[in-house]
Amino acid sequence: MATQNARADSLSLLLFTLRSGKLMAINLLKVSEIIPCPPLTKLPESHPHVKGVATLRGHSLSVIDLSRAIGEQPLTDPHGGCLIVTEISRSRQGLHVQAVSRIVHCLSTDIKPPPYGSGNRSFITGVTRVDNTLVQVLDIEKVIHAIAPPVPEPPQKTLSEEDISLLAAANILVVDDSQVALQQSVHTLRNLGIECHTARSAKDAINVLLELQGTAQEINIIVSDIEMSEMDGYAFTRTLRETPDFQHLYILLHTSLDSTMSAEKARLAGANAILTKFSSPELTDCLVVAARTVVFAER
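Under UniProt numbering, the residues of the sequence shown are numbered 1 to 299, in order.
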């Protein structure tokens with residue numbers, strides 16, 4: 001399997017700047033609108049990185065001081081700049097930035113993993129070059145998680161003995177370039193008594209598949225992010241479907257975007273199912289379906 005030959009998908013990035021002037025980017029699909037910074041209401045005892053709450057068309061919107069959230073100097077004019085309104089992982093928030101630059105179009109293969117040594121505190125999922133200028137792609141999930149960790153969900157529903165047995169027989173690989181999202185999925189699996197394999201990129205995932213092929217831990221279910229650097233989830237899925245040894249794998253695409261928007265593209269790529277992040281009960285239900293499918297296919 002030559003990952004460098006995998007077909008790439010195009011994507012659009014919204015470029016923006018903070019006080020330092022360096023270019024950062026966010027996947028345009030995660031952006032609902034861009035507006036001038038409106039008057040904000042500061043809430044008592046709110047997180048220090050939350051500037052306040054705005055009212056947008058009758059709905060409240062939490063506004064994150066992105067500069068402070070990622071460890072940079074605050075904006076020169078705290079009331080200037082603009083808001084990038086994002087909708088990801090079933091939540092909506094405004095990111096206060098210095099200025100929006102422009103939209104650029106590129107291929108997923110143009111987005112490279114963060115430089116080695118960037119560490120766990122890094123708030124980027126990848127880097128690319130635009131007009132020979134380095135652009136850092138924001139890990140917005142990590143920013144949000146650091147400010148507002150998810151509220152614990154209700155206890156998992158009781159699974160039948162049959163479902164527990166099916167899941168115990170599954171060998172699952174979770175692929176996600178966001179450390180936070182990866183940990184959420186792994187946590188759900190461990191609560192089900194399942195240990196899984198993980199990878200931070202499609203390339204690493206392919207290496208895991210090859211390493212475990214023919215062993216007792218050979219992977220039969222993949223839970224993969226879509227918005228990844230170098231090779232996104234669609235290209236990863238197509239690559240597996242075109243590889244005889246891995247055509248049979250059950251592939252669940254797990255996206256921070258609204259899955260209804262991506263369902264047709266996921267189907268055309270060859271995915272078995274798609275799910276919006278992050279709901280532990282819904283992920284559990286999807287994994288039970290995956291395990292049943294795998295077992296029945298092996299009979």
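Worth double-checking, as some hints may not be accurate.
What the hints assert, rightly or not - Pairs of lysine to any residue residues, derived as SDA-like cross-links and limited to a Cα-Cα distance of at most 25 Å, are as follows:
{"no.": "1", "residue 1": "K203", "residue 2": "P115"}
{"no.": "2", "residue 1": "K30", "residue 2": "E195"}
{"no.": "3", "residue 1": "K265", "residue 2": "P115"}
{"no.": "4", "residue 1": "K22", "residue 2": "H79"}
In short, the hints are calculated from the structure, not lab data.
Hint check:
Distance check on the hinted pair: K203 and P115 sit about 16 Å apart at the alpha-carbon level, within 25 Å; holds. In summary, the hint linking K30 to E195 is not supported, as the alpha carbons are separated by about 31 Å, beyond the 25 Å threshold. The suggested pairing of K265 with P115 is violated, with an alpha-carbon distance near 30 Å, which exceeds 25 Å. With a C-alpha separation of about 20 Å, the suggested pairing of K22 with H79 holds against the 25 Å cut-off.
Hint compliance for this structure: hints 2, 3 are not met, and every other hint is.
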